[in-house]
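Student: Keeping their order, the protein sequence lines are chains A and B.
So that you can map any letter, position 355 of the first sequence is 355 in our numbering, and since no number is skipped, the others follow by simple counting.
For our numbering, count along the second sequence from 1 and bump the result up by 1000.
Everything labelled a hint here was simulated from the structure, so no lab data went into it.
Any given hint could be a false lead.
To be verified - Each computed SDA-like pair below joins lysine to any residue, with the alpha-carbon atoms no more than 25 Å apart:
#, chain 1, residue 1, chain 2, residue 2
1, A, Lys130, B, Arg1353
2, B, Lys1343, B, Arg1353
3, A, Lys314, A, Glu254
4, A, Lys382, A, Leu437
5, A, Lys382, A, Ala394
6, B, Lys1310, A, Gln101
7, B, Lys1310, B, Tyr1374
8, A, Lys59, B, Arg1352
9, A, Lys59, B, Leu1182
10, A, Lys59, B, Ser1351
11, A, Lys59, B, Asp1031
12, A, Lys406, B, Ile1355
13, B, Lys1301, B, Gln1327
The structure displayed is predicted, hence computed values, not measured ones.
For reference, the chains in residue letters:
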Amino acid sequence: MAAHIPFEENPEIARLFPDLHPPFTKQAAVIEANRCLNCFNAPCTIACPTHIDVPRFIKKIVSGNLRGSALGILEANVLASSCARVCPVEVLCEGSCVMHQHQQEPIAIGRLQRYAMDYFDASGGKLPMKTSQLHSGRIACIGAGPASLAAAAELKQQGFQVTIFDKKKLPGGLNSYGVAEYKLSVADSLREIRRIAELGVEFHFGVELGEAEIEKLESEFDVIFLGVGLGAMHTLALPGGDHPSVVDALEFIENYKLGVMASVSGSVVVIGAGNTAIDAANAAKRLGAGEVRILYRRTQDHISAFTFEYEHAKQEGISFHWLTQPVEIHVRSGKLEAVECIRMQIDAEGAISPVSGSNFKIPCDLVIPAIGQSPLFVFLSKFRGVNLVDGRVAIERATGQTANPKYFAGGDCVNGGREVVDAVADGKRAGIAIAELLGSVQVG
Amino acid sequence: MRAFDAGWGGAVWKTIGAQVRNVSARYSSIDWNGQRMMGLNNIELISDRPLEVNLREMNEVKKRYPDHAVIASLMVESNRDAWHTIVQQAEDAGADGLELNFGCPHGMSERGMGSAVGQVPEYAEMITAWVKERARTPVIVKLTPNVSDIRIVASAAKRGGADALSTINTINSITGIDLDTLTPRPNVGGKSTHGGYCGPAVRPIALSMVQQVMSHPESALPMSGIGGVANWQDAVEFILLGSGSVQVCTAVMHYGYRIIEDMIDGLTHWMRDKEFASIEAFRGRSLEKVTEWKHLDLNYKVVANIDPSKCIGCDLCYTACWDGAHQCIHVDRESGPTKVHLKPLEVEAESRRLITQTPIPKLDLAEPASQGPYATPLSRIPRVDEIECVGCNLCALVCPVADCITMVEVDTGLAPQSWNEICLDDNKTKSEAFLSG
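Just chain A, same shape as in the assembly (with noise of 0.2 Å):
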């Protein structure tokens, strides 16, 4: 059911959004590639969460065995389109490339593993199955988001039956509705999804599960995978924080993404200096929002964001205020008018501490919170015998599997919120080990 995946691309915002890092052409592809030293078990493939053999899979490009080189990558990774587009390969592959001691700009590996599974995409490429053997064990896996694919993909592929639960329309999670246009478009995600689709992995959208449906869920699937993600993003638990005119980031980004919401008028302010936030800036501007802001209580020093993204984000026109922190929301005649904020200190051991009487204000038409997004307690709570731990899914760190032997889990919910690639690793060690489990013993 889920092979056609209905969407249909905003072509406005395709316009807006190009590609950041455009792909190479052949020939750029086979010079980048033949720069690759060929490491012995190279640095780029052990920081890669799911160790896609990165020489293996450059040197194919190089011998023109295109399709070789995508299934390598797609042996490690089966959302590699996706992670050659929105990996932070300045601090994976890219940042532990030998290059770097040899006074070298690193090899493109984003780029490279792109050129490969484009090429694949081209040629109706098609994810192998492992075995020919069908099993009768049966999985669910709550979340459509890549740890879930990742793990459904690997567990359809070595024979048994998997369906995907998703109360989103779309399914791909954060890859479809939470990554910056010009990194990850949502029809290149969707089209990397339609091949788990091919292998006849079964998806559920607009599904919400209470405790009756859970307990269905238990007694239909021999194993359920929770690959649930984060839940809503923290809100501005300040006076005028309710306004229609705050919009936090998540939403904002899907809103933009889908098509929803194409334009941006006035000036902007987003608070928080995580690479969230700077993604709903940068999106933000090239909107066609006049200024854009983004309010940081600490200093660049203390930023979650990448110091790429940083950069970035400074390129697209973003500016940066530091020691501000927001305190009252301004509305004047239902408009949103302005941002009020105070100055921050920071003493020697690195608290912070208002600056008393030097509040300020930032008029703005818009203000996008990007403050985290908070764990899903109340949902995860519901799945007995799974044990949360800082809000997170604590699992077996080799298998991913929790408490309730009967439960895996991966991505987002395990960790915190990492990345798109770490959730991969996570979906495919967890599909190996529930392989391993179902292969042997029955679970009831």
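Please build the complex by placing chain B on the supplied structure of chain A, with the hints as guidance.
Tutor: Below, chain B alone, put in the same frame as chain A:
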């Protein structure tokens, strides 16, 4: 003439003889690691322009550039009169010398010319002698490498009276096959033929052949070195093995006549640095440093030394030593030497089992563990087992970093001894035993 204006001292004219027809396409090449034309293959014959036009132009060039050498390359059917005629024509046109093309390995050889002559010592000697009967200018014989021992034909040419040799002509080659059409390159209407290989790829073969000819008293003659010369260093190498001049073609085809500027400039600087006043001052200087294997010192030993401060941790030396050499490089600086070393596949399998995740500053409060005293983590800097190392050089060759792996001489405490000396001693012992027995 443009070449002379650019600084070239002389030119060997495209081989002339009875006018031929050529095919298209004519060239194909080997690209390597993203670099174009590491080796070039051609199936072109001698000049396809009328002989009279070539001779007229040669005459014109000599008139305009009387101080530049113009050598006429000649190839006609194996007939005394034909050779006498072409020699006369070339010299009348003003050629300063004659180069007999006994080397072309394709097309012309099917007609009993080119390498068909150069592969049969008797023919080479006979035709050289015919040419010498008529020639007033120096006669250079251009040798084909497509023989089992180049010294045999070189000696024949010398017996025939050749004044000089030029080494080498192109090597028989098929550069590659189009995997869609299954037709080798170059494609001439759906078919191909073997051609002659040249360019940087053939230089080592050419150098070896020049050395063989020049170290052999029966074949040594004034030598013009040919084969993959692209810069002044290449030229110096040919001269060090005895060449008095070098010829360049592929590099000019690739980059144009302008390359002569650095060839002259670089050579001049090098000669000044080495205090060589003339070409003759260093010509042939490396010949005495080439010997037969049996005279090499078996007690000379070098071992690999890895400079950990330069190592970038690619571990190519490790995998090369394990899979292509003597298994004496290990990645055990962190673990310390162990009795049983992990094999490459086991090392990789172990790292794939590691659970790694994206470092997120906010979530990962702990500082990364110290990597050791060098820029590259200690765990990735290989170590050489100097006892086991045979000093083969392979690790130093695969290392991408200049001067990171050096081969260091170790004193074996043994006097120099060659295999030849061992055999002589052995024979002496045997004969003494025989005599005393």
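Student: Which of the numbered hints are not met once you compare them with the structure shown?
Tutor: none
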